[in-house]
Amino acid sequence: MQLFIQRVFDGLQAGVVYAILALAIVVIFRASGLLNFAQGELAMFTTFIAWTFLDAGVPWWAATILSAVVGFVIGAVLYRLLIVRLGGPAGNPLAIVIVTIGLFLILNDGAGIIWGANPAKVPRLFGDGRVEILGAGISVQVLGLLGVLALLVIGFGLLFQRTKLGLALRAVTSNQESAGLAGVKVMTTLMIGWGLASAIGALAGTFTASQNASVDTNMMQIALIYAFAAATLGGFDSPLGAVVGGLIIGLVSELVVGYVDVIGPDLRLLPGFVLVLVVLLVRPQGLFGSAQVARA
Amino acid sequence: MSTRLRWAVFGVVLVVLAALPQFVADTFVNRMSEILWVAVAALGLALVTGYNGQISLGHGAFVGFGAYTTMVLTVDYGVPFAVAGLAAVAGAFVVGVAVGLPALRITGVYLALVTLGLAVLFPQIVVRLGEITGGTVGRQLLPRPGYGDTALLEELGQRRYLAQAGFRAPAWTGLADDQWRFYVFGVLALVAFMLVRNLTRSRVGRSLVAIRDNETAAEVAGVRVDQAKVITFGVSAGIASLGGWMFAVLNNAVSPTSFTITLSITLLVAAVLGGAASIVGPLVGASVVVLLREVIPAEQQRFSQVVFGVVLIIVMLVAPGGIVGLYRRAEASLRRRWLASRQSGPGRTGDAVDQDQDLPTPLQEA
Numbered sequence: 000m001q002l003f004i005q006r007v008f009d010g011l012q013a014g015v016v017y018a019i020l021a022l023a024i025v026v027i028f029r030a031s032g033l034l035n036f037a038q039g040e041l042a043m044f045t046t047f048i049a050w051t052f053l054d055a056g057v058p059w060w061a062a063t064i065l066s067a068v069v070g071f072v073i074g075a076v077l078y079r080l081l082i083v084r085l086g087g088p089a090g091n092p093l094a095i096v097i098v099t100i101g102l103f104l105i106l107n108d109g110a111g112i113i114w115g116a117n118p119a120k121v122p123r124l125f126g127d128g129r130v131e132i133l134g135a136g137i138s139v140q141v142l143g144l145l146g147v148l149a150l151l152v153i154g155f156g157l158l159f160q161r162t163k164l165g166l167a168l169r170a171v172t173s174n175q176e177s178a179g180l181a182g183v184k185v186m187t188t189l190m191i192g193w194g195l196a197s198a199i200g201a202l203a204g205t206f207t208a209s210q211n212a213s214v215d216t217n218m219m220q221i222a223l224i225y226a227f228a229a230a231t232l233g234g235f236d237s238p239l240g241a242v243v244g245g246l247i248i249g250l251v252s253e254l255v256v257g258y259v260d261v262i263g264p265d266l267r268l269l270p271g272f273v274l275v276l277v278v279l280l281v282r283p284q285g286l287f288g289s290a291q292v293a294r295a
Numbered sequence: 000m001s002t003r004l005r006w007a008v009f010g011v012v013l014v015v016l017a018a019l020p021q022f023v024a025d026t027f028v029n030r031m032s033e034i035l036w037v038a039v040a041a042l043g044l045a046l047v048t049g050y051n052g053q054i055s056l057g058h059g060a061f062v063g064f065g066a067y068t069t070m071v072l073t074v075d076y077g078v079p080f081a082v083a084g085l086a087a088v089a090g091a092f093v094v095g096v097a098v099g100l101p102a103l104r105i106t107g108v109y110l111a112l113v114t115l116g117l118a119v120l121f122p123q124i125v126v127r128l129g130e131i132t133g134g135t136v137g138r139q140l141l142p143r144p145g146y147g148d149t150a151l152l153e154e155l156g157q158r159r160y161l162a163q164a165g166f167r168a169p170a171w172t173g174l175a176d177d178q179w180r181f182y183v184f185g186v187l188a189l190v191a192f193m194l195v196r197n198l199t200r201s202r203v204g205r206s207l208v209a210i211r212d213n214e215t216a217a218e219v220a221g222v223r224v225d226q227a228k229v230i231t232f233g234v235s236a237g238i239a240s241l242g243g244w245m246f247a248v249l250n251n252a253v254s255p256t257s258f259t260i261t262l263s264i265t266l267l268v269a270a271v272l273g274g275a276a277s278i279v280g281p282l283v284g285a286s287v288v289v290l291l292r293e294v295i296p297a298e299q300q301r302f303s304q305v306v307f308g309v310v311l312i313i314v315m316l317v318a319p320g321g322i323v324g325l326y327r328r329a330e331a332s333l334r335r336r337w338l339a340s341r342q343s344g345p346g347r348t349g350d351a352v353d354q355d356q357d358l359p360t361p362l363q364e365a
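Those sequence lines, one after another, are chains A and B. Just so we're aligned, residue 0 is where the first sequence starts under numbering that gives the first Met the number 0, counting upward by one. Just so we're aligned, residue 0 is where the second sequence starts under numbering that gives the first Met the number 0, counting upward by one.
These are calculated hints, taken from the structure and not from any lab test. Certain hints may be false.
To be verified - Not the full set, but computed from the structure, chain A residues with beta-carbon under 8 Å of chain B:
hint	residue
1	Gln1
2	Phe3
3	Val96
4	Leu104
5	Phe227
6	Thr231
7	Leu280
The beta-carbon is built from N, C-alpha and C at its ideal position, and this holds for glycine as well.
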């Protein structure tokens, strides 16, 4: 029982990061109908920026917030300078996917060139403290991250459903042309959407670094795959789905790896992969997503 | 270029390439062989991307599948290389269909997601199946203990000769191994390229383009969309796996680090850079990618990813049709000028209509 509780919390700890990164993917998808394959590497890059602040004497929590601000700017600029040129949401998704893969390569290699290939040390965001829950020692870090995640979900839920900006974001996704005619500033709205997603991604990056107690250039690649799995499971247009999906993927991976010997730590990725295939076969819109109705 | 001129150029290039290995060093021949396997693997990807409008980030895994299948079958089970190649291609076709089935039923970029997972998962599976695949170390021409014709050689006290000889030139050819390998690769590449060329011009190919350009309209017109997409993905996986067979034959060794996501992305760079919706595109792209890596000095090698990334973005921004697309555009504008300068004589017929040019490039349409 104690081991089980431990594993559940380990799973949740991993799941929090997948959930946050999936949230970033969903925000971009909702705002612009696109998938950003460089989302994970952007997060890694901004985490190195956070580390640079930390190195300059800024406290870690402040560095985290600063890196989210920097992430917002990078995301908005990338949208304005690159994605727009390919036609934005109305453009060719194939070309945009390829461009984000190009960004993936540049950011990954670029971070290595700027900050070196060796991992840099970072502290834990919520300290090293532990509390005892049902006989298992749970780190305060996990509880803190779950709290932040809950705040993010509520925040983004309110943003999308209750604010003018959220309405604009939804309008632009649903029909860019009509939104523009109705007075929505399409370009600005989409820039904000990409900025927000990169800012959330930056949080996912610093949280991952906090858990590993270090930051390195390859830390977000596996996380990105889990995040895609989480978004697929939860539904690409649902922020709540992304978060629930992330936590489920984290839990399932941890428990399967822990209890099924055949899979073991080597095949950590397999449960998530199989889950995605099953979801695509059985319920392509995901748990919380709305089914797409395509019109030619 | 008129069709006749095109074939003439093709013939000359073929003759030059066939003669070249007689005059250059073996390292050069091996480099050309490397271009050929990358080209064949990129061709498999181009079939999916250029003609089907889908992105696969997992073709590196199919290359790895082919390479490992070849290595294990030939070394541990003494299977001839040709048979191992057939098994590799057939096996990859099945895996491709199995992976493509859930992802391709849905429009959108789900194939990219699923194949990204596959690319990252593949090295993990290899490590997990360490007893067969040699784990993180990989496999060379030595059989696993207990496999191969051990007993006979033990009896002769020649255990160290248990090593597989690799892919050797038969004595009757009088060729060195590297030359023989290059010729075999050349023939295989030719077959693969012809296959894709004919496939894309057949009923299947036309329906693929129809699906790519307007899936609903294609379905209404009677194209069996799901079936065409899934089978194409299977064929493309099989072709990539043939590239893997060539990898194993060329390098005589396989290890999980050769088949990571980096390989998948390199193949995408090759296909997109050359021009994914053309037949020679992948060959052009593969040549550039292999030579680019060659030109970058070893100590600067870590910059190669940045270079590839920048190349991908620039190609998408300025020349979505890749190098071949650029060439076609230049040719078309030259021809227009030439025709204009001839003061539009009596209407010419014939070679102005080019088979390739009526296929739009998927990446060109905004």
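Quick rundown of the hints versus the structure:
Contact between glutamine 1 (chain A) and chain B, as hinted, is not supported at the beta carbon level, the nearest pair being about 28 Å apart and thus beyond 8 Å. At about 25 Å, the closest approach between the beta carbon of phenylalanine 3 (chain A) and any beta carbon in chain B exceeds 8 Å, and the interface hint on this residue is violated. Because the smallest distance between the Cβ of valine 96 (chain A) and any Cβ of chain B comes to about 5 Å, under 8 Å, the interface hint for this residue holds. Interface restraint check for leucine 104 (chain A): the shortest CB-CB distance to chain B comes to about 3 Å, inside 8 Å, so the restraint holds.
Look at phenylalanine 227 (chain A): its Cβ gets to within about 5 Å of chain B, closer than 8 Å, so that hint holds up. Given the 8 Å rule on beta carbons, the hint for threonine 231 (chain A) holds: about 7 Å separates it from the nearest Cβ of chain B. At a threshold of 8 Å, the smallest CB-CB gap from leucine 280 (chain A) to chain B is about 5 Å, leaving the interface hint in force.
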